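4 protein chains.
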Amino acid sequence: MSGNTLGHLFSVTNFGESHGPAIGCVIDGCPPGMSLCEADIQLELDRRRPGTSRHVTQRQEPDAVEILSGVYEGKTTGTPIALLIRNTDQRSKDYGNIAQSFRPGHADYSYWHKYGIRDPRGGGRSSARLTAPTVAAGAVARKWLFEQYGTVFRGCMTAVGSVEIPFESWDHVPHNPFFAPVADVQALEDYMDALRKAGDSCGARIRVTASNVPVGLGEPLYDRLDADIAHAMMGLNAVKGVEIGAGFDSVAQRGTTHGDSLTPEGFRSNNAGGILGGISTGQDIEVSLAIKPTSSIISPRDSIDVNGQPVEVVTKGRHDPCVGIRATPIAEALLALVLMDHALRHRAQCGDVRLAVPPIPASIG
Amino acid sequence: MSGNTLGHLFSVTNFGESHGPAIGCVIDGCPPGMSLCEADIQLELDRRRPGTSRHVTQRQEPDAVEILSGVYEGKTTGTPIALLIRNTDQRSKDYGNIAQSFRPGHADYSYWHKYGIRDPRGGGRSSARLTAPTVAAGAVARKWLFEQYGTVFRGCMTAVGSVEIPFESWDHVPHNPFFAPVADVQALEDYMDALRKAGDSCGARIRVTASNVPVGLGEPLYDRLDADIAHAMMGLNAVKGVEIGAGFDSVAQRGTTHGDSLTPEGFRSNNAGGILGGISTGQDIEVSLAIKPTSSIISPRDSIDVNGQPVEVVTKGRHDPCVGIRATPIAEALLALVLMDHALRHRAQCGDVRLAVPPIPASIG
Amino acid sequence: MSGNTLGHLFSVTNFGESHGPAIGCVIDGCPPGMSLCEADIQLELDRRRPGTSRHVTQRQEPDAVEILSGVYEGKTTGTPIALLIRNTDQRSKDYGNIAQSFRPGHADYSYWHKYGIRDPRGGGRSSARLTAPTVAAGAVARKWLFEQYGTVFRGCMTAVGSVEIPFESWDHVPHNPFFAPVADVQALEDYMDALRKAGDSCGARIRVTASNVPVGLGEPLYDRLDADIAHAMMGLNAVKGVEIGAGFDSVAQRGTTHGDSLTPEGFRSNNAGGILGGISTGQDIEVSLAIKPTSSIISPRDSIDVNGQPVEVVTKGRHDPCVGIRATPIAEALLALVLMDHALRHRAQCGDVRLAVPPIPASIG
Amino acid sequence: MSGNTLGHLFSVTNFGESHGPAIGCVIDGCPPGMSLCEADIQLELDRRRPGTSRHVTQRQEPDAVEILSGVYEGKTTGTPIALLIRNTDQRSKDYGNIAQSFRPGHADYSYWHKYGIRDPRGGGRSSARLTAPTVAAGAVARKWLFEQYGTVFRGCMTAVGSVEIPFESWDHVPHNPFFAPVADVQALEDYMDALRKAGDSCGARIRVTASNVPVGLGEPLYDRLDADIAHAMMGLNAVKGVEIGAGFDSVAQRGTTHGDSLTPEGFRSNNAGGILGGISTGQDIEVSLAIKPTSSIISPRDSIDVNGQPVEVVTKGRHDPCVGIRATPIAEALLALVLMDHALRHRAQCGDVRLAVPPIPASIG
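Read top to bottom, the protein sequences are chains H, C, R and P.
For reference, each letter of the first sequence is one residue, going 472 to 836 in the working numbering.
For reference, each letter of the second sequence is one residue, going 472 to 836 in the working numbering.
For reference, each letter of the third sequence is one residue, going 472 to 836 in the working numbering.
For reference, each letter of the fourth sequence is one residue, going 472 to 836 in the working numbering.
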């Protein structure tokens, strides 16, 4: 296991660099017999695509996916599904000036020390562009989980920079460029416009959730369901914090409050975020992510070059001023990939995967 | 990979139940030629041992470790190191009354649904007792990392329930039962005494850090160093949130502030928590954990039994009112295990493991 | 994955040295709810036990197994099953004279070069004693496969040194110390007695077979069922060759003869050995193994010491003059472990595991 | 780990079907900084290419490889290397007549039972065409091992059908279409011509060897070097037997003969095939393979269709009458991949990889 593979039984091996010829992934372990075509995957890729509003990078990438294998006459065959996305809008010259120095807060420094060589074009392997194959693979997992169990994944932004976003309704999420669950996003537009003018970037907080989750998913020690969710989410570019259920609010809670009491009709609350002892309960899985500000900014910063000499770094090129804005569909995909893998692991050991009976009431909105 | 193994190259396979005959682990992949004896491991086990203050479970377990293999004439041979800890103070009858019902907030419910069978004695496999083998394995990793690179691991409690604990000095940590970095723990004693009288439990926040960390550890996608730390930490009983570096504070930060600027003498700050792009920079690794309140409490709770009928659950037996109190040495061990695994992974691919030059200044505090 | 684990979903992690305090293994991934007690395992351990005839090592080891975890009230719980076997009859002084030199044909040389340190007592980790935990784990796999599918495993010796052993009946196998499928073993007794007097050792050939095998087990590329069988068998001490079905006889066969033709009642022959394209067909799995002569012999041999100086090596101590004699139950266990792992892998991806319909006629003999 | 990945640290994930749009692989874990271009890989692909003599399939495939990632300015970056080979000469209609029935000796039957669906075009995933990505990945491993240690891989055919091929010299191998180590291949030409006229196919035996092998590669239990070689080789289409060193000849050998004696100048013989106790000794690795006759033959055979009804099967299309003819470069590639993986595993645990001192004399020719 060499690092670029996510999952054990539904495993996704990711390849590519931001400005190389192509990016993609190989999905191994997909159950046979599921209908699958490129449009099923394109749908999710389009949700994270760059260039769709003024608040994200202006790089224009169609992100057209090609299925190279594993599907025959519109159905999965059980053999590896290779997905290919050609890069089309690389402007590598934009990055020439940072090839010999390190952007503060960027992977430049650590890649160079690890490998002694790095592809500086667009961040190379460290680019958020490499989340596209993850989203593509996630689309396959989502489809299977939905068809088998009715599992659905949703996500939204809950804060952008210092602006908290209240939850109004999932219905609003597709209708604004922020994945914000509110009807009026003027405050967010204004905040982002001011930020862009200042040549700065900001962080974000994202919430993702899964409903209609089978009960019993997760290995109790060490590969707990929450542990693998944390692994997947913290493995996403720029994520600095992960919470399940009540998260850091648990610290100040008491046991009498935190522990979700049960009734014959289901749980009364969901501080657990749908996971107890590392195993899914059937309640909604609830995850929250902290995403740091983009490190590629136009404001000048103090840094050093590869020879250790002081330099001032200014990053031109086309960057997301808030990488969190496009993170929602990616986090949904990651959650789907983790649940898919654990559904298959559970099926291997315990022979069936099923929803909880009596049905578990979903958490509130 | 069946769930109970942590790590790929320095891998720890954990076994046992709270009230079974024994618990333990097998460490595979330890480099040969390192001095190792039981006292090296016992030292760390004693730090997490139950029964050492009135604020933790009164179960008396010597937790005496026996090395069964992998060490010859006081040196590791490169073959698996099996560690055995016999359980001695099981009082299984304490748990008879909860065998047929589910404690709110406890793994009872999810285990029963996953496996169709569970060992209810002391929580069985879901007991925090199973962190002892993790600590034992961590002691081996710590020793190797210290001898090779001078890496040291420290941890402390930063909040217990609603009481925030300021950082005064690492020197205080060993001198109180809370791993608190303060000289005066009277407020914590009082808080815990009141809680115990109320028959309730509380959460906690823990901070762990590693210093003198080699540069270049971590696979950028998906097995990032921070992702694997999050996996290890969220895999610890009762953890509901994990932060690296600035964590959730990153959300409201701007790029000009968050990105740690570099000078020829090193980094000026450590919002990154020692990790950029999933790879260690050589700065201190900084991790923060949210730990939920213990679910086994004496206060009566509404729940259901295995037949779905309503019951009132009261948990007797001997429990930690705040599992966070003993979590510090465990979290240190987990951090050591993750760094050890990545040190070997890095050595495999890149051929050497080394500290950053120029030396990276440690973060403050 | 650090080398001492066999299997991915039903995984066995083996530990111990020949003359250390104990040997054993941890089985992870066993399905929950199966009846299991120590006697189920002891039965198979007794079949490979040393000291039971004059043709094998005279070391007396009861090989009493203790189940440390994973079983509650006589049933597997789905959590790791740790098995412990204490070593009782170590005579380490027997081996003092070979600690500084290398026995021709023995792992002494390669261990010393790999690790820079080795446990010379009884071969340390390279001892055939370490097959005991494999047999113990295999007993668990056999029980599950038999209860689920009626799968049975059998093995016999087909040649000892230059003496070919014809197949008469499986019924004879338990009634002689060679696992020979013949009524009269006088020729084998005489051959072994002469060999022992000559202070020499000999090779052997073993056949193992599985009947009532589910159809569809095996991943076509690279983890084919035959590939994983070859891995398991070649991983057994002293094995130098592995054949599936017609094996090396396939070289001179023609396609018209080799390809097993099918009829509505099943296959007409079994040159495939029950595996086509890396996937089980439901026919009997047929495996043949070549086992080399024991390298620890009393006859003097030319060798070198750790300083590269020439020495003459004579191995005293208690050794099997033909390690193949006790290999049959071990090879059966390995075959069971591989099928078990693939049964779970198949169940994960394809959702069910079943026997072929129409029933496949067993191969002859 | 889902079956289509070979190797743990230098891992190759293979995808594609014979008549799909493309085949390829992703190599993860390649050390950074090695020069690599497409020509380095094409060289080895051309050695296994179809259509190069009348004795192999007449399918014309340029097998032009494209490097999609992991190489920057001609050097490996340490990130995944994706290799793509487009299929160009598919004639899927050739296979229409066998979509509903099972060729004797072919994977048709087992795939259909495993997955409930199969891609019948050219054998789909079970086609020997899928060895091309393995060869491509092997070229990368060979280059690194050669540059680091001078390791070289060679292979030749030692029997085709009933014709034994004596070893004359490695020099002859590139000069005939059989990879035969003899100057005069007229007997082989005649044998193959007669076979083709008869509409039949035949088996073959192949030998592969590695020289200048580092000492100490291999995990003693269970992932021995010989075990992983056996896994890789038996995972190759049509292989039914694997031998290391003396192989099945070991059965009739005595310990005094089999054990390779040592002198200060090196080993006197190589019955071990370069591996003792599962670990490389530095001697040449010697492997022999039995390859079964091709199952796709023009002669009519009895079989059944997917409904269990009797049918007569005749396979038209373009097939190798002896798949063993093109197997030599594939087996070399597999040996290189296994050694590469174990070189990195050894480096992880033991910190260095080196050749034996004093130098080990190579085995005879």
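Think of the hints as simulated: they come from the structure by calculation, not from any bench.
Treat the hints with care, as some may be off.
Keeping only pairs whose Cα atoms sit at most 30 Å apart, straight-line, the calculated DSS-like set for lysine-lysine is [said to hold, decoys possible]:
#1 K668(C) - K787(C)
#2 K546(P) - K787(H)
#3 K668(R) - K546(R)
#4 K787(C) - K668(R)
#5 K546(C) - K668(R)
#6 K668(P) - K546(P)
#7 K546(H) - K546(P)
#8 K668(H) - K546(H)
Quick list of simulated restraints, FRET-style, between CB atoms [to be verified]:
#9 D720(C) - P533(P): 54 to 60 Å
#10 G587(C) - D720(R): 30 to 36 Å
#11 T559(R) - D773(P): 56 to 62 Å
#12 K787(C) - P533(R): 39 to 45 Å
Model, not experiment: these values are computed from the prediction.
Where a beta carbon is used, it is the ideal one built from N, C-alpha and C, also for glycine.
Hint check:
1. K668(C) - K787(C): Answer holds: K668(C) to K787(C) is near 14 Å, not above 30 Å.
2. K546(P) - K787(H): Holds - the C-alpha atoms of K787(H) and K546(P) are around 26 Å apart, at most 30 Å.
3. K668(R) - K546(R): With a Cα-Cα distance of about 49 Å, the restraint between K668(R) and K546(R) is violated, given a limit of 30 Å.
4. K787(C) - K668(R): Answer violated: K787(C) to K668(R) is near 69 Å, above 30 Å.
5. K546(C) - K668(R): Roughly 39 Å between the alpha carbons, so the hint for K546(C) and K668(R) is violated.
6. K668(P) - K546(P): Cα-Cα ~49 Å, so violated.
7. K546(H) - K546(P): Not OK: K546(H) and K546(P) at ~39 Å, beyond 30 Å, violated.
8. K668(H) - K546(H): violated (49 Å)
9. D720(C) - P533(P): 54 to 60 Å: holds (56 Å)
10. G587(C) - D720(R): 30 to 36 Å: With Cβ atoms ~47 Å apart, the hint is violated.
11. T559(R) - D773(P): 56 to 62 Å: 58 Å Cβ-Cβ, so the 56 to 62 Å window holds.
12. K787(C) - P533(R): 39 to 45 Å: Given about 41 Å between the Cβ atoms, the range holds.
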